[in-house]
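Number of protein chains: 2
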Amino acid sequence: MSAEPPPASAAAEELTADLAPATQPTPSKKQLKKSARKAERAAQRQQQPIQQQPPPPGAEDPFAANYGDVPVEDTQSKAVTGLSWTEVRDLDAAAAAAARSVLVRGFAQEIRSLGRMAFVVLREGRSSVQCVLAAGAGAGVSAQMVAFAKSLTRESVVDVEGVVSFPKELLVGTTQQARIVEIQVRKIYCISRAIPTLPFNLEDAARSEAEFLKPGGQQFPRVGQDTRLNYRAFEIRTPTNQAVLRISTQVQRKSENFCGQKTLMRYIPQNFSVEQAKLHKQMAIVGGCRRVFEVGPVFRAETSRTHRHLCEFTGLDVEMEIKEHYFEVCDVVDGLFVSIFKHLAEKCKEELETINSQYPFEPLKYLEQTLRLTYEEGMQMLKEAGTEIEPMGDLNTEAEKKLGRLVKEKYGTDFFILHRYPSAVRPFYTMPCYDNPAYSNSFDVFLRGEEIISGAQRIHTPGMLAKRAEERGIEASTMSAYMESFSFGAPLHGGFGAGLERVVMLLCGLDSIRMVSMFPRDAHRLSP
Amino acid sequence: MSAEPPPASAAAEELTADLAPATQPTPSKKQLKKSARKAERAAQRQQQPIQQQPPPPGAEDPFAANYGDVPVEDTQSKAVTGLSWTEVRDLDAAAAAAARSVLVRGFAQEIRSLGRMAFVVLREGRSSVQCVLAAGAGAGVSAQMVAFAKSLTRESVVDVEGVVSFPKELLVGTTQQARIVEIQVRKIYCISRAIPTLPFNLEDAARSEAEFLKPGGQQFPRVGQDTRLNYRAFEIRTPTNQAVLRISTQVQRKSENFCGQKTLMRYIPQNFSVEQAKLHKQMAIVGGCRRVFEVGPVFRAETSRTHRHLCEFTGLDVEMEIKEHYFEVCDVVDGLFVSIFKHLAEKCKEELETINSQYPFEPLKYLEQTLRLTYEEGMQMLKEAGTEIEPMGDLNTEAEKKLGRLVKEKYGTDFFILHRYPSAVRPFYTMPCYDNPAYSNSFDVFLRGEEIISGAQRIHTPGMLAKRAEERGIEASTMSAYMESFSFGAPLHGGFGAGLERVVMLLCGLDSIRMVSMFPRDAHRLSP
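The listed protein sequences correspond, in order, to chains A and B. This note's numbering numbers the first residue of the first sequence as 1 and each following residue consecutively. This note's numbering numbers the first residue of the second sequence as 1001 and each following residue consecutively.
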């Protein structure tokens, strides 16, 4: 293989010398690069069949084939072996009782050494299991094999073949402890060796505030948000990140399934920008598509750096014919979100608990039939509580939060719809109210005191649309195809848009949207 | 209402004077704009309660409240009336036998006049029904009401209240004729009046080649692709367009459901470009996400204008851990596409027939277990058939088509996988074959002789990756976060990407990808 590194004779021990203490401060990027290069060279030398490594002095190892770094060529789709891997989450008491032989693959989350024994905690997804190697006759485990296990670096990808068993003592820090099983290792191979000095320790990135506040807790290093995001592909291995990503997936899937079941025709999207996408969706309705929706990336040149804005987010956008009232759109919002809340409570209980244990949050309160208040009613509530709002203006973040608290006190819900917004704060294509054009057939939706959705009936008559555009100083010629389309016979219609990262952030009670996006982008961050 | 047009006294007849003959050539944009403005003004004058219109000379109409143009304010979410609309597709013989009263809304596809009678064909989605008005005592239909119906413009949005009945004669040109029902109109209101001179007639846009070839068929105007795309929001009302969009939706939903069921974690996407998305997906695998997928818009600066390229398309991208072989990725492709084929055959029979009747195509042939040929085997087949290919090059479109024909003859399938492509024609991150680095662990997938998917095992070792990048002259520093991520312990992985518009185009046997995208974009088209 031309891509193969030349043979060399580095011992596994060479790597361990580089191992950083668990609590050292986060290394600089330069230090990291240097040690990465060093480790890379060492790893290249290592990625040879273990047989070629010199045995420890004075010992020929009859079990040499049962461990080692897997040579690169064996990772290049050499054969379909028919070997069967078991998922870590499927290791249970039944497997232990039957002393089942299994083959598992995972990240080496922890490597512990105890005399002639080694312990490797393997993690797969959000599950982990302790793998035990005890050197001694009978078990097929040699001292060299134990030494190899001890030489593994944290977060390396490792294959373990062994027998599921009940451990002698209760294990700490593995998810399979409830089922109280471990693996007695017979074979162990390293598929991909991690550099010894990782950007930070995953335990540190997974610690709750409560742990920091415990006696001795202040000694733990804190991993800052920028460091986390700089190494996002590494950071997302923590349980909370995995849980948040899974919840995001579930919210997205539930949205798609709900919309699909409501016979919303799927829109094949063109998302130059939020606004462009909205116009295209309206044109799809003019085109007779009746109900369209889209879940996909949206780009917005967002200059403000806040806890809840991103330049790129996952938009859920719905546009639909209505027969007579924008409440038909509110009904879809209502049904969709109540079904999402129920789905998560049912299907993502564990994930919510995982997040809650690192970042505690209040359980979500909502009503079966979502509360609808008019903007004026909302203003009145704020006024009575001492907050005066510019009557034809918009709510600022602080007023939103306060209104959220007032509504929760009075109605017992974290989720409500505020409708009949002043026309002045809505886009030109928003249909004004029939009885007062200073108000509009529009609504915002709030979750835990923050806005997550904007929606409205849209103007479908070309005359009114042109007039409204002109009043706002919008040059109709820049959107002539859009304006013209309404002259071909246009159904009454309305729609709404939500940013799913913000929805997930609030559902999980997180305080930053950057914890929800896989690779967040804002005015200050364009990588990784 | 400030947005209301001033009252005026135009009669409905004024509009009909503008009605273009059905077969006139497509008007110019300028003409269209002029007539649009004229119609707009007329429509504004019209959008007044019909009661305010002067009755025809010599006749007070006791039924004046039963028809007319709906005033704008009545379309502004004035009330939730509790009225219940029936779907056109639900009108059936049982409804006719029970003489059921219904309220339907649709586009006025056709307006016919016969003495004291008027016929309005209402279309909703891909269903349509004939609505009959016969002036005479007893039925509550006045001569003025019939005149109003005759004055409707094609493609206006119209509400009809009436009684479902069996027609006296067999109807032609409505989908509900199989169920042989029509509606005896009691009330008729125009919700949104279309301009009298539409960009083209939808029947012309819906005609098959066979119709043009029939005696007299050459008199029909042909609607060219550019005209269609200029008025895309109008053109997509044709049955074939509606069918294609519905099939697109189904392909997308089936892809998402299949991937979701296979426990592929959903990826929250950042799609700057095809390549960037691929790198991010690999990083998600490094981050322990195991299997990720995404269905969403992809942008590519595509300069070639071909029948199968767009600058924006809907990408289906999958990235997944593999245990040992890229065939595990092929297995997902195999399962996904066979399930899509079956789903469409079962759920979209009508839609496929609709498309087939305008643009005839061969039924798709596929095997339960998808055929896998090596690139070398494919080259050998071509060679034996007289086509010599540069052995380490790529297939051009012509060779692809020929290979598709040869495979279909020999194996009886339109769908197959070609694997072990030359490394030289694949991206730098493609894993080379273990036994010959000139070939790679990669594959393309073909449907009806055209490539729809590229996939491969990816390089997971940082050393090999850096070396390959260097060989290709790629500056590693431009993607340092990506390169670095593989040093944190990287699972073996592979993935694939498909463009769904191209998939749908080939499934439906269409000859242009522009018929599949809602608003196609290429180097020559940026609007609508």
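Hints are computed from structural coordinates only; laboratory data are not their basis. Virtual Cβ for every residue (Gly too), placed ideally from N, Cα, C. Treat the hints with caution; some may be incorrect.
To be verified - Only some residues are given here: those of chain B computed to face chain A with a beta carbon under 8 Å:
no. : residue
1   : Val-1072
2   : Thr-1086
3   : Ala-1096
4   : Phe-1258
5   : Gln-1261
6   : Val-1286
7   : Ala-1301
8   : Ile-1417
9   : Phe-1428
10  : Thr-1461
11  : Met-1464
Against the structure, the hints:
Interface hint status for Val-1072(B): upheld, as the beta-carbon distance to the closest one in chain A is roughly 6 Å, under 8 Å. The beta carbon of Thr-1086(B) is not positioned within 8 Å of any beta carbon in chain A (closest approach about 11 Å), and the interface hint is therefore violated. The criterion of a C-beta within 8 Å of any C-beta in chain A is not met by Ala-1096(B), whose closest approach is roughly 24 Å, and the hint is violated. Of the supplied interface hints, the one on Phe-1258(B) is violated, with its beta-carbon coming no nearer than about 12 Å to a beta-carbon of chain A, more than 8 Å.
For the restraint placing Gln-1261(B) at the interface with chain A, the shortest Cβ-Cβ distance is roughly 10 Å, beyond the 8 Å limit, so the hint is violated. Below 8 Å, beta-carbon pairs count as interface contacts, and Val-1286(B) has one with chain A at about 5 Å; its hint therefore holds. Hint on Ala-1301(B) is violated. Least Cβ distance to chain A is approximately 14 Å, over the 8 Å limit. Of the supplied interface hints, the one on Ile-1417(B) is violated, with its beta-carbon coming no nearer than about 14 Å to a beta-carbon of chain A, more than 8 Å.
With its C-beta approaching chain A no nearer than about 11 Å, Phe-1428(B) sits outside the 8 Å limit, and its interface hint is violated. With its C-beta approaching chain A no nearer than about 6 Å, Thr-1461(B) sits inside the 8 Å limit, and its interface hint holds. For the restraint placing Met-1464(B) at the interface with chain A, the shortest Cβ-Cβ distance is roughly 5 Å, inside the 8 Å limit, so the hint holds.
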